[in-house]
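For the protein sequence lines, the chains are A and B, in the order given. Position one of the first sequence corresponds to residue 1 (my numbering), numbered consecutively onward. Position one of the second sequence corresponds to residue 1 (my numbering), numbered consecutively onward.
Just so you know, the hints here were simulated from the structure itself, not pulled from any lab data. Just so it is clear, the structure is predicted and the values come from calculations on it, not from any experiment. Check before you lean on any hint, since a few could be wrong.
Below, simulated DSS-like cross-link-like pairs (lysine-lysine); rule was C-alpha separation at most 30 Å, straight line [stated by the list, open to error]:
1. B:Lys32 x A:Lys169
2. A:Lys116 x B:Lys32
3. A:Lys161 x A:Lys116
4. B:Lys32 x A:Lys26
So these bits of chain A aren't anywhere near chain B, every CB distance computed over 12 Å [what the hints assert, rightly or not]:
5. Thr2
6. Glu3
7. Asn4
8. Glu5
9. Leu6
10. Glu64
11. Thr66
12. Ala73
13. Arg81
14. Ser82
15. Ser120
16. Arg140
17. Val148
18. Glu150
The beta carbon of each residue, even a glycine, is placed where N, CA and C say it ideally should be.
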Amino acid sequence: MTENELIQRCLQHDRSAQRLLYDRYKTAMYTLAYRMTGDFDQANSVLQDTFLAVFQNLSQYRSEATLGAWIKAILVRKAHRSSQQTPAYLLMETLPTDTSSVDWGNDAIDAAHLEKVILSLPEGARAVFVLIEVEGYTHREVAELLGVSEGTSKSQLNYAKKRLRELLKN
Amino acid sequence: MSDLLKHKLPTYTPPESVWEAVEQGLNEAPLKEALQHLPMHEPHPQVWLELTETLPTARPLRWWRYAAAATITGLLCFVGYVFLHSPSEDAKLTYSQEKAFPSALLAQNEAIDQQYEQLQAFCETKTPVCEKPEFKDLKHQLDELTIASRQLKEALGKYNTDASLSSQLSDIEHERAELLKKLSERI
Numbered sequence: 001m002t003e004n005e006l007i008q009r010c011l012q013h014d015r016s017a018q019r020l021l022y023d024r025y026k027t028a029m030y031t032l033a034y035r036m037t038g039d040f041d042q043a044n045s046v047l048q049d050t051f052l053a054v055f056q057n058l059s060q061y062r063s064e065a066t067l068g069a070w071i072k073a074i075l076v077r078k079a080h081r082s083s084q085q086t087p088a089y090l091l092m093e094t095l096p097t098d099t100s101s102v103d104w105g106n107d108a109i110d111a112a113h114l115e116k117v118i119l120s121l122p123e124g125a126r127a128v129f130v131l132i133e134v135e136g137y138t139h140r141e142v143a144e145l146l147g148v149s150e151g152t153s154k155s156q157l158n159y160a161k162k163r164l165r166e167l168l169k170n
Numbered sequence: 001m002s003d004l005l006k007h008k009l010p011t012y013t014p015p016e017s018v019w020e021a022v023e024q025g026l027n028e029a030p031l032k033e034a035l036q037h038l039p040m041h042e043p044h045p046q047v048w049l050e051l052t053e054t055l056p057t058a059r060p061l062r063w064w065r066y067a068a069a070a071t072i073t074g075l076l077c078f079v080g081y082v083f084l085h086s087p088s089e090d091a092k093l094t095y096s097q098e099k100a101f102p103s104a105l106l107a108q109n110e111a112i113d114q115q116y117e118q119l120q121a122f123c124e125t126k127t128p129v130c131e132k133p134e135f136k137d138l139k140h141q142l143d144e145l146t147i148a149s150r151q152l153k154e155a156l157g158k159y160n161t162d163a164s165l166s167s168q169l170s171d172i173e174h175e176r177a178e179l180l181k182k183l184s185e186r187i
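Turn these sequences into a full structure, and let the hints steer you where they fit.
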């Protein structure tokens, strides 16, 4: 089934098509939600809210972006809003603005360990790091999605990398 | 020519920031590699179940609604037809107005006059049937109506525009036709 056919069937509230669309994107979206929130329960909630919004607003989807990109944008906003509701969220503007490069050495980094370290980052810095380094967004896109300035996005990313390097060394 | 251009045209040195960006990319190679292999996670099945509880269900097929509407419409049409075409006790009085065409009326009168003339000729030959009392009585009525008809025709004149006189003439001609019919049956 093509993406357009899937969308049309979802618009008709076809439950099997909705399930198909959910299955197609659930892993990528859930993983992103988990990386942004650092909590599986919160990721579940974000994913549920995201797909609910997707199915309720699917008629507004235009083919300017891929369906996956459209869903991802919704999820990022949901996850960001979810993170902001927690007291542990670190205000982005309070971070240092040092932009010097980070030396990652030559040793391979264990991915599972890297994930744990990423999850230990402050939430704002973690969100920017995941969106730019993992998901491939630009600073401008991140600024738009998270409602911050591009400068803030850059400083957050730099902070996240330095903090990651420190944590990985330890 | 190309060598000459190479030496004549100016050259440019990139800013140091370009190399710094390249160096940073190279330095981040271990990070980029590890990021490619970050674990993926599956959502709990409960997420979908809770999602389906909040999603609106598919709209049922509405063909039966159209069928019901068509049936009701058909039924109403049938009842209406029966109501309009059934003989009603209250509907005994009818009213209609017809306009007689003078030319048609004139043609009809001429036909009656011809029959009347034929009847006169028939009786002038002393046909026995004309002497019967019943026949003579009918013939007498016909004679009187014929006289009245002629008088009315004279009163109407050439253009025949008086509606009441035309109506009277029509009635007389009708009676004359009835009498002619009865007389011809006895011949």
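Each hint, compared with the structure:
1. B:Lys32 x A:Lys169: Distance of about 17 Å is within 30 Å: holds.
2. A:Lys116 x B:Lys32: Holds. Lys116 of chain A to Lys32 of chain B sits at ~16 Å (cutoff 30 Å).
3. A:Lys161 x A:Lys116: 14 Å, holds
4. B:Lys32 x A:Lys26: Distance of about 24 Å is within 30 Å: holds.
5. Thr2: 20 Å, holds
6. Glu3: Holds: least Cβ distance 20 Å, greater than 12 Å.
7. Asn4: Correct as stated: the minimum Cβ-Cβ distance to chain B is 19 Å, above 12 Å.
8. Glu5: 16 Å, holds
9. Leu6: For Leu6 of chain A, whose nearest Cβ neighbour in chain B is about 15 Å away, the distance exceeds 12 Å, so it holds.
10. Glu64: Label holds. Min Cβ-Cβ 25 Å, cutoff 12 Å.
11. Thr66: 19 Å, holds
12. Ala73: 19 Å, holds
13. Arg81: 18 Å, holds
14. Ser82: Since the minimum Cβ distance to chain B is about 14 Å, Ser82 of chain A lies beyond 12 Å and the statement holds.
15. Ser120: 14 Å, holds
16. Arg140: 17 Å, holds
17. Val148: 22 Å, holds
18. Glu150: Non-interface label on Glu150 of chain A holds, nearest chain B Cβ at 17 Å vs cutoff 12 Å.
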